[in-house]
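K.L.:
Chain by chain, the residues:
Number of protein chains: 2
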Amino acid sequence: MAVKRAPRRRLSADERERHIARGAVAFFCEVGFGGQTRELAKRLGITQPLLYRYFPNKEALIERVYREVYLNRWDPRWEEMLDDHSRPARERIVAFYRDYAKAVLSYEWIRIFMFSGLRGMNLNSRYLTLVRDRVYTRVIRELRREYGLPSPAEVPIGEMEFELVWALHASIFYIGIRKWIYGLEIPENVDEVVENLATSFLDGVPAVMAKSLKPAAKSLKPLKPALKTRKPATNVLKPAAKVPRRAPRPRG
Amino acid sequence: MAVKRAPRRRLSADERERHIARGAVAFFCEVGFGGQTRELAKRLGITQPLLYRYFPNKEALIERVYREVYLNRWDPRWEEMLDDHSRPARERIVAFYRDYAKAVLSYEWIRIFMFSGLRGMNLNSRYLTLVRDRVYTRVIRELRREYGLPSPAEVPIGEMEFELVWALHASIFYIGIRKWIYGLEIPENVDEVVENLATSFLDGVPAVMAKSLKPAAKSLKPLKPALKTRKPATNVLKPAAKVPRRAPRPRG
DNA sequence: TTTCCTACTTATCGCCATATAAATAACGCA
DNA sequence: TGCGTTATTTATATGGCGATAAGTAGGAAA
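For the record, the sequence lines run as chains A and B. Positions 59 to 310 (our numbering) are the ones given, in order, by the first sequence. Positions 59 to 310 (our numbering) are the ones given, in order, by the second sequence.
The hints are simulated quantities; they were obtained by calculation from the structure and are not laboratory data.
Put simply, identical chains are the same to the list, so a pair is met inside one copy or across any two.
Listed below are the simulated SDA-like cross-link pairs for lysine to any residue, each with C-alpha atoms no more than 20 Å apart in a straight line: (1) K272 / E250; (2) K272 / N247; (3) K269 / N247; (4) K116 / G90; (5) K237 / G178; (6) K160 / W132; (7) K116 / G93; (8) K116 / A71; (9) K269 / Y205; (10) K116 / V89; (11) K269 / D249; (12) K116 / G92; (13) K116 / Q94; (14) K160 / L186; (15) K116 / T95; (16) K237 / L181; (17) K237 / L188; (18) K269 / V248; (19) K237 / D249.
Between the sequences and the hints, there should be enough to build the whole structure, so can you do that?
P.N.:
Right, dumping it as structure tokens:
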């Protein structure tokens, strides 16, 4: 039986570029960056050479996928949220992680994040350094305040304290890994789980934290103070040279 | 300048097979399974067709890599360790996780585990189901006992309890991800970190756990009882048909 | 020392993936 | 309604990678 061919439709260059970019995200996060341009084109309902009208080569397309996924993932309100002293610290922290989990626990993000890490991109470390500077420092600061411990200005944040916050981050992110990388079942009510993880964190942390703050503690190694340099926010990637569309070739 | 060629050395078939297998692990865990057989052969100091004398195709070689890495990773003493009632529960649990972390936080394991997950292998889920049945259930059982809560025989283990143990597992495993996938710096003294994570876990968990055990709790959803079927232990993968070496071809 | 088995190499096939060049046709505009 | 621009397709080049076939030589045994 003959394949019914959809009537050819011309999109504006911008529309098509976005169309391809979105499709590429969905495609590559599923099969990895080894996925073939032919297969991608087929899914998009276009021919493979058309991709090369919009992106000079596959690598540029992948670059575009990174921008699509990494950009605008950061919600600047998170920082305000953690700073809002009108609410109790515990409530703020729990609320933040509930929000953050919603933003981060998606098929696309989890997989692209892993793929880019395994490929040796440094996007991951850039992104996570940002998280550390914008979030971890705040969480620790508020925890210190909550438990009557010295402020980071008085005693700089120690390695071990960061590790404790890393652990909470990890336990949330790992829910996504279990589901979208290992293909395991996870609880239906992720919100409740995250809430419990944050709560359990808040209950378990102070003992260890207080211990690590005692000058006698074995490995109290202050880190470079974070939160010092104030960057423009939001963008993990540079605003970035937009890939120039290929000029139509002269004919004849 | 002429390339100094190492004198050709003949290994016994078994030796060469292991040589290739070990090299393949190191190679594929670094570049992923998309890595080229030519490049692998170069690193091994052999020619690429020789690979095909020992493995019928690339997929079989990859299969061999899985066996090499997954097999014998499980230490049966872990279960005994957790069951040893002559030591306090907290001590046992902390000691177990210190040990487990040492076994699991390696470049090879972390990366192969991720690569196999992203490839859609079900090895990950098989392995992790084993961990759940052999470890998580024990940890929860001991915790319940420690805190005077009903035993799993009386009240089956709930979803949320498993989630709490997952969280500890995640926070340890994630240390490896940070280092070997994201390329981030991690503390020198991982042992101490793991100890603190386990401690913080033990301090933080009981409140949430007790809550989740109250019949009134929202989502007390008992899971299928684990630890029931006793499997031969140790092997995650089937003992597995050894790839038959290719018979030398008749000549002339 | 000679022989013979087989580990290993050289040479090469054939396919498939990225990428380019040339031809076609959809749509805006006159 | 016809024209020109350019989005899109068809056809194809080019190289790389998995895999095979045939020839070479190491070393154990006699």
